[in-house]
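Chains as they are written, first to last, in this note's numbering: chain G, 1 to 47; chain V, 1 to 327; chain F, 1 to 413.
Rather than coming from a laboratory, the hints here were simulated on the basis of the structure. From the three backbone atoms N, C-alpha and C, an ideal C-beta is built for every residue, glycine too. Among these hints, one or two may not hold up.
[Said to hold, decoys possible] Think about it this way: if two alpha-carbon atoms lie no more than 30 Å apart in a straight line, the pair counts; the simulated DSS-like pairs of lysine-lysine are: (1) G/33 x V/305; (2) F/219 x V/302; (3) F/182 x V/300; (4) F/398 x F/33; (5) F/104 x F/182; (6) V/232 x V/105; (7) V/105 x V/61; (8) V/324 x V/305; (9) V/302 x F/334; (10) V/302 x G/33; (11) G/41 x F/182; (12) V/176 x F/219; (13) G/33 x F/181; (14) F/277 x G/38; (15) V/195 x V/214; (16) V/300 x F/277; (17) V/195 x V/61.
[Claimed, not checked] Label-pair ranges, simulated between beta-carbon atoms: (18) G/3 x F/185: 46 to 56 Å; (19) F/13 x V/326: 18 to 28 Å; (20) G/41 x F/266: 28 to 38 Å; (21) F/37 x V/303: 21 to 31 Å; (22) G/31 x V/194: 25 to 35 Å; (23) F/306 x V/52: 47 to 57 Å; (24) V/194 x F/129: 35 to 45 Å; (25) F/144 x V/109: 45 to 55 Å; (26) F/24 x G/27: 41 to 51 Å; (27) F/394 x V/307: 38 to 48 Å; (28) V/305 x F/37: 33 to 43 Å; (29) G/38 x F/185: 19 to 29 Å; (30) V/109 x F/300: 25 to 35 Å.
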Amino acid sequence: MEFHVYHDQMVFAKACAYILMAVALVCAVGWWKFLTGKEPKEKNNGH
Amino acid sequence: MKRRNFLGLAGAATATVTATALTGNAKASGHSFEGYPNSYGVLFDASRCIGCRQCEMGCNKINSENKSEAKPWINLPAKDASVFATPPAEDTVRTDSTMFTLVNKFEPQALGGKSPVYKKFQCMHCKEPACASACFVKAFTKTPEGAVTYNGSVCVGCRYCMVACPWSVPTYQFDKLIPYVKKCHMCHPYITSGKAQVPGCVGACPMEALVWGKREDLVKQAWERIGAVPGKYLPHVYGEHEMGGTNWLYISHVPFAQIGLAEDLGETPAPELTSGALGLVPLVACLWPVLLGGIWQITKWKDRKAGEATQQAVAEAVALERAKAGK
Amino acid sequence: MSQHDHGAQPVILPPTEAWGVLRSLLNPITYLKFVKEHPILSIIFVAGLVVTVNRFLIGGLAGTTHLDNNNPWGIWISFDLLCGVALAAGGYTTTAAALIFNIKGFRTAVKPAILTAFLGYSFVVYALLYDVGQPWRLPYPVFVSPGTSSVLFEVGLCVMLYVTVLAIEWLPNFTDWVGMKKISHLIHKATIALTIMGIVLSTMHQSSLGMLYLIAPSKLHPLWYSPQLPLQFFVSSMVAGMSMVIFEGTISHHYLHSRMSPEYNRDHDGVLFGFAKACSIILFGYFFMKWVPIAGENKWAYLTDGKFAVMWWVEMFGFVALPCLLYAVGYRNKSTGIIKAAAAISVLGIVVNRFNVSWFAFNIQLRPGQHYFPSVQEVIVSVFVVTLIILCFRFISKYMAIFSDHPAYKDHH
Chain G
1 MEFHVYHDQM VFAKACAYIL MAVALVCAVG WWKFLTGKEP KEKNNGH
Chain V
1 MKRRNFLGLA GAATATVTAT ALTGNAKASG HSFEGYPNSY GVLFDASRCI GCRQCEMGCN
61 KINSENKSEA KPWINLPAKD ASVFATPPAE DTVRTDSTMF TLVNKFEPQA LGGKSPVYKK
121 FQCMHCKEPA CASACFVKAF TKTPEGAVTY NGSVCVGCRY CMVACPWSVP TYQFDKLIPY
181 VKKCHMCHPY ITSGKAQVPG CVGACPMEAL VWGKREDLVK QAWERIGAVP GKYLPHVYGE
241 HEMGGTNWLY ISHVPFAQIG LAEDLGETPA PELTSGALGL VPLVACLWPV LLGGIWQITK
301 WKDRKAGEAT QQAVAEAVAL ERAKAGK
Chain F
1 MSQHDHGAQP VILPPTEAWG VLRSLLNPIT YLKFVKEHPI LSIIFVAGLV VTVNRFLIGG
61 LAGTTHLDNN NPWGIWISFD LLCGVALAAG GYTTTAAALI FNIKGFRTAV KPAILTAFLG
121 YSFVVYALLY DVGQPWRLPY PVFVSPGTSS VLFEVGLCVM LYVTVLAIEW LPNFTDWVGM
181 KKISHLIHKA TIALTIMGIV LSTMHQSSLG MLYLIAPSKL HPLWYSPQLP LQFFVSSMVA
241 GMSMVIFEGT ISHHYLHSRM SPEYNRDHDG VLFGFAKACS IILFGYFFMK WVPIAGENKW
301 AYLTDGKFAV MWWVEMFGFV ALPCLLYAVG YRNKSTGIIK AAAAISVLGI VVNRFNVSWF
361 AFNIQLRPGQ HYFPSVQEVI VSVFVVTLII LCFRFISKYM AIFSDHPAYK DHH
């Protein structure tokens with residue numbers, strides 16, 4: 001992708017960064033549930 | 001408490017190091033940004049301007065004919081020549097939302113403080129505009145033709161562009177209930193539609209103080225003019241490198257600071273001023289959950305161990321008492 | 001003042017009566033009674049309403065503010081946005097201490113801190129409706145045309161997400177009160193996730209508010225402009241948050257004592273001492289941090305140059321070094337009085353710093369006649385916003401279990 005102006009590259013690159021962050025967040029939830037899936041549940045409310 | 005602060009400060013230290021590393025690497029890929037080829041600009045020659053303000057008239061005229069302007073612009077002379085009389089030389093009246101450009105009169109020290117030098121103020125049409133970089137709704141665009149244009153249909157009116165612009169160019173319609181930003185657009189809509197060959201100001205100038213052309217050609221022309229009459233001009237083309245370069249260029253026979261052109265702006269393009277710091281944001285988003293999650297797990301584990309130790313101690317004490325009672 | 005354990009459990013109305021209280025908000029008599037009991041607050045309220053009508057329907061920004069093309073940002077940014085966000089930082093610092101670092105004795109400080117933060121951020125957004133030219137377009141950066149190169153985009157996105165997180169974190173106070181137990185339970189299950197998200201988002205936008213000014217190096221005085229400005233804003237936000245929690249706790253103790261449970265009162269001094277120690281350490285680091293760009297960028301000459309130098313020294317010694325020392329002395333001698341004084345000075349210090357960066361040391365290239373000073377109406381709006389925060393805080397604390405545990409959780413602690 002050819003950008004003539006640094007600003008245009010920045011808009012594109014930062015947009016990718018924000019999207020990646022959102023993807024990471026979603027994946028993190030799933031990964032956490034997987035990692036702690038077989039842990040025994042706590043007896044009280046846990047908070 | 002100490003632990004948290006240590007981690008907080010350690011995190012901060014890491015962030016600083018990373019920031020310093022990142023800030024220098026805005027173009028780490030090796031790609032350098034030359035801007036659009038064949039983009040156009042304007043060269044202003046301060047030694048040719050006589051302060052007739054025909055450029056202001058030309059700008060008003062061409063924009064008044066624009067049907068999309070809600071109200072036709074007032075025609076000159078709404079301000080008469082007395083606008084030049086009262087203020088001291090460095091006192092500049094600036095544009096407001098009813099005009100895209102204006103000419104100021106200076107009486108520079110370099111000429112003894114008596115002779116006037118005039119300078120036209122309008123958008124510099126930067127190669128890497130600060131307004132475009134700052135705008136959180138992408139209302140500004142650096143067009144391939146060279147002009148920096150404004151799209152009011154997404155503008156929220158946050159006015160960060162006005163903060164960001166090194167020359168404080170954008171104006172705002174503070175008096176309107178549905179306000180917009182107003183800024184010179186180098187007559188981009190008129191030129192691209194074929195209605196005009198050159199911007200309204202350039203076409204109106206009787207002294208050829210304003211010259212339209214491709215930016216590369218204008219830079220060359222500027223240096224040629226400087227070289228042709230040694231000692232007349234300052235050996236500097238203002239806008240060649242300032243803030244990464246602008247499409248509106250100035251040459252002058254008196255120091256630029258004395259005609260209201262700031263000389264302390266540096267050559268770093270505006271986007272690079274924030275790109276490195278913004279690069280830290282995804283890092284925080286990735287690392288903080290790891291650190292915080294880790295700390296939480298550790299404190300939970302420690303609490304559990306402490307709880308187990310207490311339970312153990314209690315059980316042993318009870319067993320001991322029972323044994324004693326049993327005896 | 002020694003630790004005290006007194007106080008009966010405050011009365012929390014059962015859900016049916018809670019709805020009655022909410023219904024009374026629709027009854028004009030409630031407001032007439034309010035005007036009679038609180039004449040001064042009512043005057044502020046009316047003044048605020050008048051300015052609001054002027055701002056949106058009559059004079060616009062020109063008829064309401066002293067903003068102009070040289071000074072596009074005024075106190076609605078310097079105070080309502082920058083100070084408002086910094087002082088609402090108690091939400092993430094307190095939840096970090098209580099829930100992530102699991103420090104005993106901070107549990108009861110969480111709900112008041114979240115309330116302060118939730119109201120603080122909500123009213124930052126409210127104040128922005130006044131400042132921005134077309135406030136109905138505020139969703140545009142996220143939903144219509146994201147300008148991802150902009151620091152302000154990041155601030156806006158983060159604040160939007162964080163207000164949502166805070167609203168969710170605060171919601172159980174409301175749902176407990178009106179008897180919607182299932183919602184409370186659901187939210188409690190996500191506590192740690194919400195807390196971590198809150199800390200991440202806070203770090204990002206607190207530092208980004210400083211990042212905003214990086215784009216204008218020619219306009220901010222060298223003693224404040226530095227690539228480390230975002231880091232400075234983030235570090236000082238931690239002090240701002242903790243100091244504000246202490247400050248708000250002190251005021252609440254005076255006016256809302258009847259709403260405080262024995263557990264809250266018992267923990268109160270411990271929170272003070274814990275935060276005092278933390279603030280003293282952070283301010284110590286911050287003090288030296290502010291010297292780093294001076295040394296690193298060879299800005300020594302500015303330290304003795306005119307009024308900006310004076311402003312810098314006053315900020316550094318009067319509002320960083322002094323509270324750092326006072327917090328330390330207060331902690332060492334277990335003096336809640338000194339700690340409260342340190343908190344007040346710290347809160348003021350944050351305001352001084354944000355005002356310096358965004359107003360007093362900003363736009364230095366302007367000549368004296370071009371400088372900005374707020375209009376009376378701008379000040380009225382800022383006072384109005386703070387008043388609204390106080391009124392909401394009072395209403396919520398008066399009825400909901402903010403300084404106590406809700407009776408429904410009696411068995412859980």
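Hints, one by one, checked against the model:
Restraint check for residue 33 of chain G and residue 305 of chain V: the C-alpha separation of about 24 Å stays at or below 30 Å, so the hint holds. About 51 Å separates the Cα atoms of residue 219 of chain F and residue 302 of chain V, which puts this hinted pair outside 30 Å; it is violated. At roughly 26 Å between alpha-carbon atoms, residue 182 of chain F and residue 300 of chain V fall within 30 Å of each other, so this suggested pair holds. Note on residue 398 of chain F and residue 33 of chain F: the hinted pairing holds, with a Cα-Cα distance of about 16 Å set against a maximum of 30 Å.
A threshold of 30 Å between alpha carbons decides the hint, and for residue 104 of chain F with residue 182 of chain F the separation of about 27 Å falls inside it, so the pair holds. Restraint check for residue 232 of chain V and residue 105 of chain V: satisfied, since their Cα atoms lie roughly 20 Å apart, inside the 30 Å limit. Taken as a hint, the residue 105 of chain V and residue 61 of chain V pair is honoured in the structure, with Cα atoms around 22 Å apart against an allowance of 30 Å. Note on residue 324 of chain V and residue 305 of chain V: the hinted pairing holds, with a Cα-Cα distance of about 28 Å set against a maximum of 30 Å.
For the given pair, residue 302 of chain V sits about 28 Å from residue 334 of chain F by alpha-carbon distance, which is consistent with the 30 Å threshold. For the proposed pair residue 302 of chain V and residue 33 of chain G, the alpha carbon gap of about 22 Å is at most 30 Å, so the pair holds. The straight-line distance between the Cα atoms of residue 41 of chain G and residue 182 of chain F is roughly 19 Å, inside the 30 Å bound, and the hint therefore holds. For the proposed pair residue 176 of chain V and residue 219 of chain F, the alpha carbon gap of about 27 Å is at most 30 Å, so the pair holds.
Of the pairs offered as hints, the one joining residue 33 of chain G and residue 181 of chain F holds, with about 25 Å between alpha carbons and a cut-off of 30 Å not exceeded. A C-alpha spacing of about 40 Å is found between residue 277 of chain F and residue 38 of chain G, which places the hinted pair above 30 Å, so the restraint is violated. Of the supplied pair hints, the one linking residue 195 of chain V and residue 214 of chain V holds, its CA atoms being roughly 19 Å apart against a limit of 30 Å. For the hint pairing residue 300 of chain V with residue 277 of chain F, the CA-to-CA distance comes to about 23 Å; that is within 30 Å, so the pair holds.
This hinted pair checks out: residue 195 of chain V and residue 61 of chain V have alpha carbons roughly 13 Å apart, not beyond 30 Å. Between residue 3 of chain G and residue 185 of chain F the beta carbons are some 50 Å apart, a value that agrees with the proposed interval 46 to 56 Å. The beta-carbon spacing between residue 13 of chain F and residue 326 of chain V, approximately 54 Å, falls outside the hinted interval of 18 to 28 Å. Look at residue 41 of chain G against residue 266 of chain F: about 31 Å separates their beta carbons, and that is inside 28 to 38 Å.
Checked against the hint of 21 to 31 Å, the pair residue 37 of chain F and residue 303 of chain V fails, with Cβ atoms roughly 47 Å apart. A hinted range of 25 to 35 Å for the beta carbons of residue 31 of chain G and residue 194 of chain V is inconsistent with their spacing of about 58 Å. Separated by about 40 Å at the C-beta atoms, residue 306 of chain F and residue 52 of chain V break the suggested range of 47 to 57 Å. Evaluation of the 35 to 45 Å hint for residue 194 of chain V and residue 129 of chain F yields a pass: the beta carbon distance comes to about 43 Å.
With their beta carbons about 50 Å apart, residue 144 of chain F and residue 109 of chain V fall inside the hinted range of 45 to 55 Å. In this structure the hint that residue 24 of chain F and residue 27 of chain G lie 41 to 51 Å apart at CB holds, the actual value being about 47 Å. The beta-carbon spacing between residue 394 of chain F and residue 307 of chain V, approximately 39 Å, falls within the hinted interval of 38 to 48 Å. Checking the proposed 33 to 43 Å range against residue 305 of chain V and residue 37 of chain F shows it is violated: the Cβ atoms sit about 54 Å from each other.
At about 23 Å, the beta-carbon gap between residue 38 of chain G and residue 185 of chain F stays in the expected band of 19 to 29 Å. Here the CB-CB span from residue 109 of chain V to residue 300 of chain F is close to 29 Å, well matched to the stated 25 to 35 Å.
Checked against the numbered hints given earlier, the structure breaks hints 2, 14, 19, 21, 22, 23, 28 and satisfies all the rest.
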